[in-house]
Amino acid sequence: MSLDYARNDWYAVALAGHMGPGITRNTQLLGTPIRISGTADAPRVTDDTGAERPAVIRYDHVWTTLGDTPRPLFDITEADEPDRRFVPCGAVRVRCSPLRAVENFLDIAHFPFVHTDILGAEPHTEVAPYKVEIRDDVDEVWATQIGFYQPQAAKSATEAITTQYEYRVPAPTSAVLYKTCPPRPEAWDVIAIFVQPVSPEECIVWPWMALIDETSHFADLVQFQQEIFLQDRSILENQLPVRLPLDPRMEIPTRSDMTSVAYRRWLKKKGAFYGALTEAA
Amino acid sequence: MTSYPVGLTRDLAENRVMRAQAGGVDMVVWRNSKGALAAWNNRCPHRGMRLSHGFVRGDRLACLYHGWHYGQNGQCAYVPAHPELDPPASIKTQTYAVSEVAGVIWVAPTDAQEAIETPAIAAGLEPLRSITASASEAAITTASLQTAFSGSDLPQAGANGLLHLGERQIALICNQIDATSTQVHVLIDASAALSDRRAVSRWCDALRRAAETMTEESA
Chain A
1 MSLDYARNDW YAVALAGHMG PGITRNTQLL GTPIRISGTA DAPRVTDDTG
51 AERPAVIRYD HVWTTLGDTP RPLFDITEAD EPDRRFVPCG AVRVRCSPLR
101 AVENFLDIAH FPFVHTDILG AEPHTEVAPY KVEIRDDVDE VWATQIGFYQ
151 PQAAKSATEA ITTQYEYRVP APTSAVLYKT CPPRPEAWDV IAIFVQPVSP
201 EECIVWPWMA LIDETSHFAD LVQFQQEIFL QDRSILENQL PVRLPLDPRM
251 EIPTRSDMTS VAYRRWLKKK GAFYGALTEA A
Chain B
1 MTSYPVGLTR DLAENRVMRA QAGGVDMVVW RNSKGALAAW NNRCPHRGMR
51 LSHGFVRGDR LACLYHGWHY GQNGQCAYVP AHPELDPPAS IKTQTYAVSE
101 VAGVIWVAPT DAQEAIETPA IAAGLEPLRS ITASASEAAI TTASLQTAFS
151 GSDLPQAGAN GLLHLGERQI ALICNQIDAT STQVHVLIDA SAALSDRRAV
201 SRWCDALRRA AETMTEESA
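Protein chains in written order, with the numbering used here: chain A, 1 to 281; chain B, 1 to 219.
If you are wondering where the hints come from, they were derived from the structure by calculation, not from laboratory data.
Yeah, the Cβ is synthetic: ideal placement off N, Cα and C, and Gly gets one too.
It cannot be assumed that every hint is accurate.
For lysine to aspartate or glutamate, the following DMTMM-like pairs were computed, each having C-alpha atoms within a straight-line distance of at most 20 Å [claimed, not checked]:
1) B:Lys92 x A:Glu251
2) B:Lys92 x A:Asp247
3) A:Lys270 x A:Asp4
4) A:Lys179 x A:Glu202
5) A:Lys179 x A:Asp137
6) A:Lys179 x A:Asp220
Per the computed footprint, the stretches of chain A lying under chain B, defined by three or more beta-carbons under 8 Å from a beta-carbon of chain B, are [unchecked claim]:
7) 112 to 119
8) 123 to 129
Please work from the sequences and hints to get the whole structure.
Take a look at the structure:
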């Protein structure tokens with residue numbers, strides 16, 4: 001039942017830059033073993049029966065779907081802007097629900113405690129009111145008008161700034177963050193996570209960035225983001241229950257959790273239950 | 001209500017936090033600056049984070065994830081994202097009964113207000129050390145009678161759960177965590193000299209190996 005919805009979404013399952021003749025990657029998607037092979041020009045994905053699955057390259061990753069009537073892969077328009085640097089950050093394997101990984105990405109209140117002195121710092125813990133909506137026309141969750149004090153908002157930041165954030169959830173296991181770009185305040189840096197659901201309780205997070213940053217070394221950009229995600233992993237592997245509870249009685253939100261509340265409500269409305277707990281435990 | 005020995009008093013200092021397992025319940029046990037203990041379900045009511053990863057600040061336990069503070073009674077007292085907010089009474093951890101007897105911390109997965117019953121422990125004992133063995137409590141008990149002390153005599157079981165190791169008297173206080181994992185808190189008579197304590201400590205290591213071998217062979 002929970003698989004029905006999930007099968008018809010697209011998932012990042014490999015880095016395009018790691019494709020090449022003779023290279024195969026064996027992994028698992030929604031509990032199904034899959035194999036990725038071919039090249040970045042002609043990627044191939046096969047499932048455990050040997051059947052060919054669709055395979056496309058987008059946002060520097062190989063994407064596939066297990067469904068027969070997949071919804072279209074969401075668009076990130078910044079991916080087509082020539083002056084951006086595209087930074088696939090590798091894979092972070094986490095023993096948690098793919099939905100918990102997305103929800104954590106949408107949360108700013110944890111920055112001072114989990115990403116101390118990078119994305120936040122005490123005593124600057126307050127989360128000011130912001131706007132959240134489920135945009136029915138595009139079927140996405142959006143959170144806007146978010147501002148947060150950050151000691152080092154990005155690799156390119158030279159001083160603490162109050163960063164502006166917008167979050168977008170275009171699919172249950174993907175989220176896109178638009179945030180103030182320190183060297184060019186009128187533009188947005190784009191940071192996304194594409195979460196590959198290995199099982200309802202395990203996932204691989206593929207972070208990807210489209211930045212305006214002409215000076216930082218690629219390895220430093222990846223390192224900066226990897227450090228953030230490893231800090232998140234120490235949280236994600238210690239949340240109970242492992243699956244994301246959709247029953248509002250199981251976990252108590254506060255005002256700063258408006259995005260998470262909308263995300264859970266949206267999942268529930270869509271029936272996107274893979275990785276969720278739908279009844280009170 | 002059955003109580004479970006989860007640690008030694010001296011291993012949980014002021015302002016410290018530990019994780020405990022009690023009859024299948026994942027708990028956090030922590031001590032404030034005045035020495036008072038609290039035992040709760042190991043789960044922040046906000047987003048389910050294990051509170052045993054948290055930190056003590058100002059006599060409250062703070063969750064590592066969003067820094068929410070909980071007072072001794074389990075009541076949420078502070079939400080950093082909204083410093084002006086008076087947290088509603090509904091934000092409260094599940095609290096459990098806890099006490100300290102014979103230098104051992106005991107918890108029971110029952111309401112914090114209920115009296116906690118601990119087994120009788122012979123007078124004059126004090127904690128020596130705790131070990132965790134990949135063995136059942138039954139294997140520990142059996143192995144304790146088959147593991148020679150100081151390379152010679154086998155221990156003798158005495159009254160009140162005492163075990164005689166030569167001249168020394170000890171008690172093994174067990175907390176079985178699952179089928180193949182048991183915490184053992186070792187108490188020794190307070191008059192034991194340092195050399196005896198070292199000898200008993202070495203015996204504990206032999207006991208653990210014997211119990212683990214027994215468990216492996218029966219698996």
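Hint-by-hint comparison with the structure:
{"no.": "1", "hint": "B:Lys92 x A:Glu251", "in the structure": "holds, 11 Å"}
{"no.": "2", "hint": "B:Lys92 x A:Asp247", "in the structure": "holds, 18 Å"}
{"no.": "3", "hint": "A:Lys270 x A:Asp4", "in the structure": "holds, 11 Å"}
{"no.": "4", "hint": "A:Lys179 x A:Glu202", "in the structure": "violated, 28 Å"}
{"no.": "5", "hint": "A:Lys179 x A:Asp137", "in the structure": "violated, 23 Å"}
{"no.": "6", "hint": "A:Lys179 x A:Asp220", "in the structure": "holds, 19 Å"}
{"no.": "7", "hint": "112 to 119", "in the structure": "holds (count 3)"}
{"no.": "8", "hint": "123 to 129", "in the structure": "holds (count 3)"}
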